[in-house]
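Make the full structure from the sequences, and use the hints.
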Amino acid sequence: MTALGTVDEAYAHCAEVTRKQARNFYYGIRLLPPDKRAALCAVYALARIIDDIGDDTEASAEAKLQGLAGVRKSLGDLSATADPVYVAVADAARRYPIPLGAFEELLDGVEMDVTGREYVRFEELVEYCRCVAGSVGRLCLGVFGSRPEPNAPVYADELGIALQQTNILRDIREDLLGGRVYLPKEDLDRFGVELSVGPDGKLADPEGGLTALIHDSAARARDWYSRGLRLVPSLDGRSAACCTAMSGIYRTLLDRIDEQPARVFDRRLSLSGREKAVVAFRALTGIGR
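Numbering-wise, the UniProt record's numbering puts 166 at position 166 of the sequence shown, and it's gapless, one number per residue.
Think of the hints as simulated: they come from the structure by calculation, not from any bench.
Keep in mind it's a predicted model, so treat the numbers as computed, not measured.
Heads up, some of the hints might be wrong.
Lysine to any residue pairs mimicking SDA-like chemistry, simulated, CA-CA at most 25 Å apart [stated by the list, open to error]:
1. K276 / R256
2. K20 / D52
3. K276 / G286
4. K20 / V7
Across the chosen pairs, the derived CB separations fall in these ranges [as the list claims (entries may be wrong)]:
5. K20 / V197: 44 to 52 Å
6. K202 / T252: 21 to 29 Å
7. A80 / R268: 34 to 42 Å
8. R121 / G208: 30 to 38 Å
9. G179 / R227: 27 to 35 Å
10. L177 / G145: 34 to 42 Å
11. P150 / L177: 18 to 26 Å
12. R238 / Q260: 30 to 38 Å
13. G237 / A204: 41 to 49 Å
14. Q260 / P148: 40 to 48 Å
15. T252 / K20: 18 to 26 Å
16. E58 / V120: 24 to 32 Å
Even glycine gets a Cβ: it sits at the ideal position worked out from N, Cα and C.
Have a look at this one:
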């Protein structure tokens, strides 16, 4: 028995968490058949717990690290807790080849955020993206399953890294206000950018260097999407639709940012519910794959 009564209720809890908080992923997750949808909601709910610990603005760094250590302990013995999220993850891992070690990598990435880290070279940023997003790509692949393809985990990893690069470009201002800079120092120096927020609340870009940097970074992210989307042909139809929908939403965001970088200078850009639904529909019908 779980804190909510049954394994089914544990899955229902995870589904509700995902519906409320996975503003982009949920549009793809809904395209999966019920069993896979439930398993992926469980994966998302645990990833959400980890992210929320790192993003807690009221907790000290020490408290965050203790919280992350607690998750590591629970992952070591999923049967030792009645928390519905862990109950659902444990059941999902019995049903699907979910690489639970990828949660450890996600924890490593969130610890990088908590302890603070400067990214001098792009390769260092890739390491971070692999931890916080490539890991999620590999967890999703465990639920999706794939036809024999030895490079499938690599492609899933690369697709996650592409999504995270999009997040970074979307959230430059928000991250800066929170004391975090993910753009590599070598890129900032190359384009002569000193990140700052002006008195009008917008990212400053007096010489246009930030705009040029965003264009360059968007082109690089597109290359990672091209590499990661090699995963899709090895997936079954519904899993391919889910993957294509989730990545399509972020690729559309990337296109919007690249078309007009100033859109992220004063806000956190997002797509409307209708726009996300259109992307999901196109993924389900195979349009644009």
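Evaluation of the provided hints:
1. K276 / R256: holds, 14 Å
2. K20 / D52: It holds: about 14 Å lies between the C-alpha atoms, which stays within 25 Å.
3. K276 / G286: holds, 15 Å
4. K20 / V7: The hint holds at about 20 Å.
5. K20 / V197: 44 to 52 Å: violated, 30 Å
6. K202 / T252: 21 to 29 Å: Between K202 and T252, where Cβ atoms are some 23 Å apart, the hint holds.
7. A80 / R268: 34 to 42 Å: The hinted range 34 to 42 Å holds for A80 and R268, with Cβ atoms some 38 Å apart.
8. R121 / G208: 30 to 38 Å: violated, 24 Å
9. G179 / R227: 27 to 35 Å: Between G179 and R227, where Cβ atoms are some 31 Å apart, the hint holds.
10. L177 / G145: 34 to 42 Å: Holds: the Cβ-Cβ distance is about 41 Å, inside 34 to 42 Å.
11. P150 / L177: 18 to 26 Å: violated, 43 Å
12. R238 / Q260: 30 to 38 Å: Holds: the Cβ-Cβ distance is about 34 Å, inside 30 to 38 Å.
13. G237 / A204: 41 to 49 Å: This hint holds: roughly 47 Å between Cβ atoms.
14. Q260 / P148: 40 to 48 Å: holds, 43 Å
15. T252 / K20: 18 to 26 Å: holds, 22 Å
16. E58 / V120: 24 to 32 Å: holds, 30 Å
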